[in-house]
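Chemist: Below, each chain spelled out in residue letters.
Number of protein chains: 4
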Amino acid sequence: MSQPIGKTRWAIAEGYIPAYSTGPEPQFTSHETACLLNSSDQDAHVEIMVYFNDREPVGPYRVTVPARRTKHLRFNDLSEPEPIPRDTDYASVIESDMPIVVQHTRLDSRQAENALLSTIAYASND
Amino acid sequence: MSQPIGKTRWAIAEGYIPAYSTGPEPQFTSHETACLLNSSDQDAHVEIMVYFNDREPVGPYRVTVPARRTKHLRFNDLSEPEPIPRDTDYASVIESDMPIVVQHTRLDSRQAENALLSTIAYASND
Amino acid sequence: MSQPIGKTRWAIAEGYIPAYSTGPEPQFTSHETACLLNSSDQDAHVEIMVYFNDREPVGPYRVTVPARRTKHLRFNDLSEPEPIPRDTDYASVIESDMPIVVQHTRLDSRQAENALLSTIAYASND
Amino acid sequence: MSQPIGKTRWAIAEGYIPAYSTGPEPQFTSHETACLLNSSDQDAHVEIMVYFNDREPVGPYRVTVPARRTKHLRFNDLSEPEPIPRDTDYASVIESDMPIVVQHTRLDSRQAENALLSTIAYASND
Chain A
1 MSQPIGKTRW AIAEGYIPAY STGPEPQFTS HETACLLNSS DQDAHVEIMV YFNDREPVGP
61 YRVTVPARRT KHLRFNDLSE PEPIPRDTDY ASVIESDMPI VVQHTRLDSR QAENALLSTI
121 AYASND
Chain B
1 MSQPIGKTRW AIAEGYIPAY STGPEPQFTS HETACLLNSS DQDAHVEIMV YFNDREPVGP
61 YRVTVPARRT KHLRFNDLSE PEPIPRDTDY ASVIESDMPI VVQHTRLDSR QAENALLSTI
121 AYASND
Chain C
1 MSQPIGKTRW AIAEGYIPAY STGPEPQFTS HETACLLNSS DQDAHVEIMV YFNDREPVGP
61 YRVTVPARRT KHLRFNDLSE PEPIPRDTDY ASVIESDMPI VVQHTRLDSR QAENALLSTI
121 AYASND
Chain D
1 MSQPIGKTRW AIAEGYIPAY STGPEPQFTS HETACLLNSS DQDAHVEIMV YFNDREPVGP
61 YRVTVPARRT KHLRFNDLSE PEPIPRDTDY ASVIESDMPI VVQHTRLDSR QAENALLSTI
121 AYASND
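Protein chains in written order, with our numbering: chain A, 1 to 126; chain B, 1 to 126; chain C, 1 to 126; chain D, 1 to 126.
Since the hints were made in silico from the structure, they are not lab data.
Treat the hints with care, since some could be wrong.
Repeated chains share a single entry, so a pair holds when one copy, or any two copies, can fit it.
[Unchecked claim] Calculated cross-link-like contacts (lysine to any residue; reagent style SDA-like; alpha-carbon spacing at most 25 Å):
no., residue 1, residue 2
1, K7, T64
2, K7, E25
3, K7, R55
4, K7, A19
5, K7, R86
6, K7, L78
7, K7, P26
8, K7, N125
9, K7, T22
10, K7, Y20
11, K7, D54
12, K7, E95
Construct the entire structure; sequences and hints are all you get.
Modeler: Okay, structure coming up:
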């Protein structure tokens with residue numbers, strides 16, 4: 001790998017953690033994930049700001065993705081400065097000091113059969 | 001956050017609101033959403049044009065996304081100048097006076113178990 | 001709308017029409033769709049080449065998307081020069097003489113409950 | 001087709017092969033696929049590096065996509081230098097000596113009704 005792949009600013013406009021789940025945990029817990037890939041040879045220090053419909057943004061949430069590692073970060077697990085509320089629309093902006101790649105995935109297991117969505121996040125050079 | 005992330009013109013080529021739904025409302029109402037994120041410090045004034053297969057485009061639909069807010073806009077809820085018909089193919093072009101990020105999501109609950117799709121919309125610099 | 005949005009070359013690397021379906025037709029017929037949006041004031045003449053795993057590409061399939069219209073083209077319906085086989089991996093390259101936006105969607109109804117996927121296609125300036 | 005469409009470096013930040021499956025094989029085997037399209041007139045020699053959460057990357061996995069062909073590569077089938085473990089988060093970087101287009105798809109059939117996700121991968125010019 002010649003050089004790290006990715007960008008340093010990303011956004012996910014869709015965000016929603018279903019309020020309940022069906023099936024064995026943790027695999028079938030309804031969750032929303034930001035998959036972060038750091039293919040570089042230096043740790044990436046990542047900051048996430050979370051935006052809401054009706055109040056000021058919360059954050060930054062901080063996470064480190066070590067060199068040459070991927071971290072599939074469940075928004076469900078974020079707690080500092082505060083947990084992400086369930087059944088609430090949100091969005092996020094993700095900034096890193098190293099180029100990373102970000103993909104957004106949700107598993108919705110509110111019903112007996114789970115549903116999935118995924119998309120590459122929006123990458124910015126700005 | 002140094003500067004707002006996003007673009008001012010977006011397009012969603014896929015559009016389809018299923019004709020019926022199964023399960024508790026409003027979470028399981030079949031719907032199609034444009035998730036809009038405005039991370040800037042100024043309100044974003046957004047105009048949406050809706051394109052059809054067999055007639056002239058309708059719009060603009062107008063919506064404001066306040067500064068530092070996200071709005072998950074259900075196409076189901078648009079009413080002015082006219083509602084989006086169900087069970088009909090459409091597409092949309094979204095223009096904003098501030099940079100925004102747009103993601104497209106559908107929940108299809110016509111059957112007992114819901115299905116989901118999502119993708120980042122197409123962003124343009126033009 | 002100041003100018004048309006989109007690009008003139010697009011690719012969809014994933015292609016697969018499920019072999020069978022469950023549920024009422026045509027809504028729940030398993031299908032794969034290229035959603036084409038032409039927001040310009042001139043008709044877009046579109047040519048689609050279809051690529052396979054083990055034989056030479058087939059095409060071009062020709063379709064016109066009128067000015068200010070969207071066309072949600074089911075690959076299932078393509079017949080000239082030949083139908084797209086079911087249960088077969090393929091991919092496609094889409095070229096237009098006007099800028100268009102392309103989104104790829106599949107509804108898989110092989111089982112009792114349908115599944116959905118969608119993504120913006122890959123756009124090229126080349 | 002004037003010239004090949006695509007890029008030579010791609011990344012998929014999401015990666016997860018479900019641990020089990022329901023339904024007839026191989027169509028309903030839970031799987032994760034990188035759909036590769038080589039629209040050029042020369043074979044594309046592709047190398048895939050796989051990244052994990054807690055150990056060094058593995059690879060390169062090597063695959064050739066012949067000229068004017070698509071290959072829908074199941075990560076499940078990769079064996080050299082080692083199989084991809086199930087029920088494990090991973091990510092991948094895909095490099096090719098010819099421009100290609102990469103799309104990421106998962107079929108999750110752990111439950112009775114399958115779920116699907118798909119997204120265009122992240123393309124890089126670097």
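Chemist: Determine for every hint whether it applies to the structure shown.
Modeler: How the hints compare with the structure:
For a Cα distance limit of 25 Å, the shortest separation of K7 from T64 inside one copy, 16 Å, qualifies, whereas the shortest one across copies, 28 Å, does not. Within a single copy, K7 and E25 get their C-alpha atoms no closer than 33 Å, and across copies no closer than 39 Å, so neither meets the 25 Å cut-off. With identical chains, the CA atoms of K7 and R55 are at most 25 Å apart between copies only, with a shortest distance of 23 Å across copies and 28 Å within one. For a Cα distance limit of 25 Å, the shortest separation of K7 from A19 qualifies neither inside one copy, at 32 Å, nor across copies, at 32 Å.
Taking CA atoms no more than 25 Å apart as the test, K7 paired with R86 passes in neither setting, with 29 Å inside one copy and 29 Å between copies. For the identical chains of this complex, K7 and L78 are intra-copy neighbours only, at 23 Å inside a copy versus 28 Å across copies, given an alpha-carbon limit of 25 Å. Taking the shortest alpha-carbon separations for K7 and P26, neither the intra-copy value of 30 Å nor the inter-copy value of 37 Å comes in at or below 25 Å. In the homo-oligomer, the alpha carbons of K7 and N125 lie at most 25 Å apart both inside one protomer (7 Å) and across protomers (11 Å), since each shortest distance falls under that limit.
When the C-alpha separation of K7 and T22 is checked against a cutoff of 25 Å, the pair qualifies neither within a copy, at 36 Å, nor between copies, at 38 Å. Taking CA atoms no more than 25 Å apart as the test, K7 paired with Y20 passes in neither setting, with 34 Å inside one copy and 34 Å between copies. Only between protomers do K7 and D54 lie at most 25 Å apart by alpha-carbon distance; the minimum there is 22 Å, versus 29 Å within a single protomer. Proximity of K7 and E95 under a CA criterion of 25 Å is satisfied in both settings, with 9 Å inside one chain copy and 17 Å between copies.
This entry does not satisfy hints 2, 4, 5, 7, 9, 10, going by the numbered hints stated previously.
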